[in-house]
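My request is simple: use the sequences and hints to build the entire structure.
Chains as they are written, first to last, in this note's numbering: chain A, 1 to 203; chain B, 1 to 203.
Do not rely on the hints blindly, as some may be mistaken.
Where chains are identical, the list cannot tell them apart; a pair therefore holds if satisfied intra-copy or between any two copies.
As the list claims (entries may be wrong) - In silico BS3-like cross-links for lysine-lysine, where the CA-CA straight-line distance does not exceed 30 Å:
hint	residue 1	residue 2
1	K80	K175
2	K75	K106
3	K80	K173
4	K165	K75
5	K151	K165
6	K175	K199
Calculated from the structure, these hints are not laboratory results.
The residues making up each chain are set out below.
There are 2 protein chains.
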Amino acid sequence: MWKKKILFSIILLVIKLLYPNGNKKEYKKNIINYKNRGMELESLINEANEYYLEKDTALIYKKPTPIGLIDVDYKEGIIKKAYFKEKSTLDYNGIYKGKYIDFDAKESHIRTSFPLSYIHTHQINHIKKVIDHGGISFLIIYINDMYYILKGEDLISFIETNTRKSIPYDYIKEKGYKIDLTLRPTLNYLKVLDDIYFKGESL
Amino acid sequence: MWKKKILFSIILLVIKLLYPNGNKKEYKKNIINYKNRGMELESLINEANEYYLEKDTALIYKKPTPIGLIDVDYKEGIIKKAYFKEKSTLDYNGIYKGKYIDFDAKESHIRTSFPLSYIHTHQINHIKKVIDHGGISFLIIYINDMYYILKGEDLISFIETNTRKSIPYDYIKEKGYKIDLTLRPTLNYLKVLDDIYFKGESL
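Next up, the structure:
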């Protein structure tokens, strides 16, 4: 125990001597850049999901990003070193009107097309499987300052009949369903799902 | 940059002087203890889910544990400090025979009863909601060297009609459905779900 105390005292002293004003600037810059990237669409969907939960319309949650643990202090409950892992499924899933719902949200920064590199092959396979098992799977795509729902069926049919590496905006406009922004929730995507999958049923 | 190099050299030197044989023992001990706790049931369920995925019987995944990030080096993709957050939902969800499935796995270390403190209030509310929305929700309970499925309905009915802080083993034996171990997958819980929820349909 005394060894630990001596070690930490020396380290703190050395840090203070070398960095009297701290050295956190660089980290902060990186975190801000990351947070802005694609955060807006995610927060719109989270807002909608919270609204649906509150009104008991649906139960839809974002899956946490899987983490690979390298060094953990389980006594203190603190992760000391870890890395982000890749998801083999999509970001959101849950239940709506008795149906299994499974989808992802993607922003295209190109106005004329949606790059297929944004979706991994195992995610496309997952969409196929969800549909085969009787679930509802789709993408919410932000492109050209607009939000669209593209059914998993239309995504897969495009991929299977095309060799192109991106979906042209025209295809999304033609096959996709536009989500008009409303007051609350801002991105009421379940209203659009009603038109696509639950015709005749009331919300 | 030179400041960093000096800092690290001094720290390394001090560590080497104080701990010539390393000091990783304590961490390792903690990690092993944690891993054994409840790991067996989890790995049996993971094995079953992988089997179902391979045979295209069902799509059921374990939700990653949510993490609260404190310090991240996004450039390197390394988490430098984080903590475990509590789940407000259950550990596993997915789709089976067109139905939304949502459940948790719990081990009771008491032979005569299952402590209700193992399930959080928000998890019980989640189970209620899943059932209300037309999904299937249950617990897989390991108790007395046996595995049982306890339907969400029976769990909630016990809680609502009892003031006890634990479910007696007799209640689990009476209301629950025993999962007999098989060769592959070892814990074929979907077979038991068939008897409970899909009577008349074939696997």
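State whether the alpha carbon distance between K75 and K106 is at most 30 Å within one copy, between copies, both, or neither.
Close across copies (22 Å), not inside one copy (38 Å); limit 30 Å.
Intra- versus inter-copy proximity for K175 and K80 (alpha-carbon distance at most 30 Å):
The answer is neither: 47 Å in one copy and 44 Å across copies each exceed 30 Å.
Up to 30 Å between alpha-carbons, please classify K80 paired with K173: within, between, both or neither.
So K80 and K173 fail the 30 Å test inside a copy (46 Å) and across (43 Å) alike.
At most 30 Å between CA atoms: does that hold for K151 and K165 within a copy, between copies, both, or neither?
within (18 Å within a copy, 47 Å between copies)
Same-copy or cross-copy closeness of K165 to K75 [CA-CA at most 30 Å]:
So K165 and K75 pass the 30 Å test across copies only (27 Å; inside, 48 Å).
Intra- versus inter-copy proximity for K199 and K175 (alpha-carbon distance at most 30 Å)
For K175 and K199, the Cα distance is within 30 Å only inside one copy (17 Å; across copies 39 Å).
The earlier numbered hints that this structure contradicts are 1 and 3.
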